[in-house]
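Chemist: Go ahead and model the full structure; you've got the sequences and the hints to work with.
There are 2 protein chains.
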Amino acid sequence: MSLDAARLQPMANAIRALSMDAVEAANSGHPGMPMGMADVASVLFTRHLKFDPAAPGWADRDRFVLSAGHGSMLIYSLLYLTGYAAPTIGDIRNFRKLSSPCAGHPENFLLDGVECTTGPLGQGLAMAVGMAMAERHLNAVFGEALVDHRTWVIAGDGCLMEGINHEAIGLAGHLGLGRLNVLWDDNRITIDGATDLSTSEDIKARYIATGWHVTTCDGHDFADIDRALAEAKADPRPSLIACRTLIGKGAPNKQGTSGVHGAALGAGEVAAARAALGWPHEPFVVPTEILADWRSAGEPGRSAHGAWAGRLEASPHKAEFERRMAGDLPHGDGSGEYIASLIANPQKVATRKASEMALAQINPRLPDTIGGSADLTGSNNTLAGGIGTFSKADYAGRYVYYGIREFGMAAAMNGMALHGGVIPYGGTFLVFTDYARGAIRLSALQHARVIYVMTHDSIGLGEDGPTHQPVEHLASLRAMPNLLVMRPADVVETAECWQIALAQKDRPTVLSLTRQNLPQLRLTDAGENLSAKGGYRLKAAEGPRKVVILATGSEVELAAACAAQLEAQGIGTDVVSMVCTELFDEQPAAYRADLLPADALVVSVEAASTFGWQRYTGTGGLNIGIDSFGASAPAGDLFAHFGFTAEAIVPQILNTLNA
Amino acid sequence: MSLDAARLQPMANAIRALSMDAVEAANSGHPGMPMGMADVASVLFTRHLKFDPAAPGWADRDRFVLSAGHGSMLIYSLLYLTGYAAPTIGDIRNFRKLSSPCAGHPENFLLDGVECTTGPLGQGLAMAVGMAMAERHLNAVFGEALVDHRTWVIAGDGCLMEGINHEAIGLAGHLGLGRLNVLWDDNRITIDGATDLSTSEDIKARYIATGWHVTTCDGHDFADIDRALAEAKADPRPSLIACRTLIGKGAPNKQGTSGVHGAALGAGEVAAARAALGWPHEPFVVPTEILADWRSAGEPGRSAHGAWAGRLEASPHKAEFERRMAGDLPHGDGSGEYIASLIANPQKVATRKASEMALAQINPRLPDTIGGSADLTGSNNTLAGGIGTFSKADYAGRYVYYGIREFGMAAAMNGMALHGGVIPYGGTFLVFTDYARGAIRLSALQHARVIYVMTHDSIGLGEDGPTHQPVEHLASLRAMPNLLVMRPADVVETAECWQIALAQKDRPTVLSLTRQNLPQLRLTDAGENLSAKGGYRLKAAEGPRKVVILATGSEVELAAACAAQLEAQGIGTDVVSMVCTELFDEQPAAYRADLLPADALVVSVEAASTFGWQRYTGTGGLNIGIDSFGASAPAGDLFAHFGFTAEAIVPQILNTLNA
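Chains as they are written, first to last, in our numbering: chain A, 808 to 1466; chain B, 808 to 1466.
These are computed hints drawn from the structure, not numbers from a lab.
None of these values were measured; they are calculated from a predicted model.
One or more hints might be untrue.
To be verified - Computed cross-link-like contacts, DSS-like style, restricted to lysine-lysine with a CA-CA straight-line distance of at most 25 angstroms:
id	chain 1	residue 1	chain 2	residue 2
1	A	Lys1125	A	Lys857
2	A	Lys1011	A	Lys1040
3	A	Lys1155	A	Lys1346
4	B	Lys1040	A	Lys1011
5	B	Lys1011	B	Lys1199
6	B	Lys1199	B	Lys1040
7	B	Lys1011	A	Lys1199
8	A	Lys1011	B	Lys1011
9	A	Lys857	A	Lys1040
Modeler: Here it is as structure tokens:
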């Protein structure tokens, strides 16, 4: 489309009108950002963004991320105007209502064209970094003919103030992600007022210091916007485009103030805006000619998509490319033989080491994986299987040195998973899920296949002490919807957990792994993945069953020792390895009741908070755990100190039985 | 002390020797940082830091924060060498053992002189920002005669890569905290290897862009270090001093590599280091002359302390200053009259508004409070009681516009609370506790009186949708040790919760508050703070009791409606307002049993994850909650959609009773 302002201005004003009208109808929402960024977005969508509204899932489309997700009416307007199947104008009329896919913040699982769920500030930008990483990797693997697209972000002052911004741009600058372009809505207003109430930072200088290209434009001058976007595309570095804008532009009495940020304008101001914008049309009505102009914006993308489809047809990589973008696993993962080899030759290793052993099997067979660690590679045991380093010099590498950036790593992994074609996994200590928690929640909410390799998962890490010892983390992660938390007890279960995690197309997994060695408890080949049931009977009572001990990870060995002592006293005891409570809860009631019989004392043993275990043990059961912070000492001393020995636990079981 | 290298070098080497010997004895720990920063620390402690080893609690001491907490042997060495009562040399010999206060990472609750608990990277620096804020505030209130000290930080590359670094330095630069000086251990090594594996950032340029003064020094040249520290003190801006160092300096074969970062050197390398350093002494032996030099380092501080004590004696502010630094509350908080006024004139308000009303009572009476919000002032209702803005222009102000920096805010509040003399509170949405979680955990671990004002605490926030609706957050926070999570049901309970939170000298509180209006349920004056018991019977069964409904916050109203319907059918029903499970769990067993009788059906009703409620309801009870993510719609529609109506709940109770 040409840079004819006479045509572009009404197109941009259509965004403004739809945005203010939808917020007005909902009496809820954020008109300021869509109205302020309408001109920039119009130039982006008509002259730079590569997209095909008829094929929102086209693999080689540009990715557009609205990091300032509260301005959701901007993207809903754009998707409707450019002719995506959804949202319809009816959906927009029902903005922020239960029946509409036009939710308060954009949700990737409700609308095609919404590449990721945004609203928690800063994370959209950080996910875009992951998308740009995935693009460069797939480009290196499959070539320019199949993979050659950009990632565009609209970010606000909030996104740029959040700490994750620092982690994300540091990573992007270091990795030289030149296909990443961030349009900063530089409106100098936040909810509390002018930005100078809380910040004095020279943002442009900070980006330059981090290896970015920076340019600026007048966010209401189409030619200047176009010039800046072209400049950003041409520069080999990631680009920040500071778009100087007026928040709420078009609302004559409220624009430029925090009053326009997050509330409906009110009938009077909407009317005044209509007059100021020269937009006499009824609410939700876009004149045919303007709509036609918008509908033509996708034409170049449609052509490009057609040409690309031809290249894909001709490509020898077609089947593999399509498999990867569909997120399907290749046939045959070799895990059967691997587990058979463990049964034949049992291994006493830490489950973090077992994870490395599993990865050594997986990574050579599954080219989809992109691993990494937040500066704990040797501790998380995440580098395995001969994958090279992902770097500016070699995007074909599959191992990312994320640096000390847990939150940034997790968000980048979300972006990679949502981009598709890759399966990201990354490591840190389990306790530092706290640093990454905002992104772990978005993995779960967005149905993203991200695998968190969280090692050093209890007081068993020893001397580093309470700041490094997770206590409440397993409970806090199990409370999160749509997240698998897996705590394998030995090398075999660890292999099973990896198999399960990789198969979860629609949800993330946290693998909780030990620092310390654990004996192999699975010594016969079950012929199936027992961990897939979430919990299973590792050892059945020998005498009449009076006790069932539920344990996870490193405490399963201890549970077995307790059971042996109880059996020696004639007390039949089951041991259940509760690898993953979420999967267990999904089993049929009969299966669960068989493992948790009403006529036995049910005991949970886990070196972590007891919070939540009562749903299995009942209030009459026994919960062995740690409901305080840890301490600094060698691991063995700590387990004894906190009562994790058979000598400490068995008497409690006997007392409860006799009570 | 003079800048005589011949005296300083053996003093610095004493730190190196103690550090490598302690790590060697523990066969665990991090020798690289203490050995690399020994020279810088020696100059700081002998020539710049104001401290009195005989009075570690002296209010006007400089604060020293080892943000790179893994280098804990640096601070243990310094405390021992300068003559603090603890640690003893025996404690250092037992580094990282259960009996020793010399834990793996420095813990403020184990040793005086350790101002805060560090290890989770970046947070030490961010807490130091809070300490520097508290210092400037108390200086503005009490004057230079009583408050006139600096905050010094040693930070590593990890601290500077973490996202919280961006938030912390942005706040410090904006607030012009010139008394904050950060010594960056610029050794260019992280655990995974050279820093250029993961970062290409110009750190100095980034600090300058954020309003900081930056200088550099050779971290092994005493005169140059001294020059840089003096320059930092003289500059009115916060200062970053880039100390170019060799990690593990003194270990001739391992220095300058990641191998020296986090593991014992080994006997051979320790011997080689002894030779290289010219340190022939036995492990843990510091020659008398060197020890004497170290013991004299505190002399200037001792004198300064004496002079200060004289000024305090003469000050008209003495009693108030001592009260505030002791953390005691003034007598009489006026809450009795305030609650009486509510009973006389019931209010239907959101609990976030009730919190503002409580603050309007508290803030004028309690000068200790410093409030704020992460850019949600008008939503969190945190500005009340006529407190002015805390800014570079007026440090006497008591309201902080933290900007969009949840994690930075929480960590700064930790620093303020640990500094003493102030009681910080700060707001954001409950869902964004995820962003601040690392700091909330440190509030709890450090026994810090920080009050989190977390509003918009359920699907009741409505249209903003699942990214903004907490579901698992109450459970995940309740699982954390030493943290009170309070969810008041009305304006009276909110006032009670504020009273309780302020009285917690040794632990933090999360106040979980609604966006939406709630009727006042407490209509008679109880004459005591009922919320202090954690849970209490709000309404007793009229007929024979068959049901007990436990509810919190906005769902107590709903529980009362369900009870009314049940009573109408002759089913006696108690309603318990479970304001704070942690306080309830601390009540005598008889009290708890009285509220949770074994012969009644116990039902929990909370618009959040059911995870954890089974400890009160048993497995035979009923848990009404939300175990999925929320949705975007008006609040009333959402409560109906998720089954939070008496019409949806009462039949479930009847079915369970009849089962």
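Chemist: Please go over all the hints and tell whether each is borne out by the structure.
Modeler: Here is what the structure says about each hint:
As the CA atoms of lysine 1125 of chain A and lysine 857 of chain A are separated by approximately 21 angstroms, the hinted pair is consistent with the 25 angstroms bound. Pair hint lysine 1011 of chain A plus lysine 1040 of chain A holds up; C-alpha atoms about 18 angstroms apart against a cutoff of 25 angstroms. For the given pair, lysine 1155 of chain A sits about 19 angstroms from lysine 1346 of chain A by alpha-carbon distance, which is consistent with the 25 angstroms threshold. As the CA atoms of lysine 1040 of chain B and lysine 1011 of chain A are separated by approximately 28 angstroms, the hinted pair breaks the 25 angstroms bound.
Taking the CA atoms of lysine 1011 of chain B and lysine 1199 of chain B, the gap is about 23 angstroms. The hint holds against a cut of 25 angstroms. Our distance criterion of 25 angstroms between C-alpha atoms is met by lysine 1199 of chain B and lysine 1040 of chain B, whose separation comes to about 17 angstroms. Pair hint lysine 1011 of chain B plus lysine 1199 of chain A holds up; C-alpha atoms about 23 angstroms apart against a cutoff of 25 angstroms. About 15 angstroms separates the Cα atoms of lysine 1011 of chain A and lysine 1011 of chain B, which keeps this hinted pair within 25 angstroms; it holds.
Proximity of lysine 857 of chain A to lysine 1040 of chain A is assessed by CA-CA distance (about 13 angstroms); at most 25 angstroms being required, the pair is judged to hold.
Consistency note: the structure conflicts with earlier hint 4 alone.
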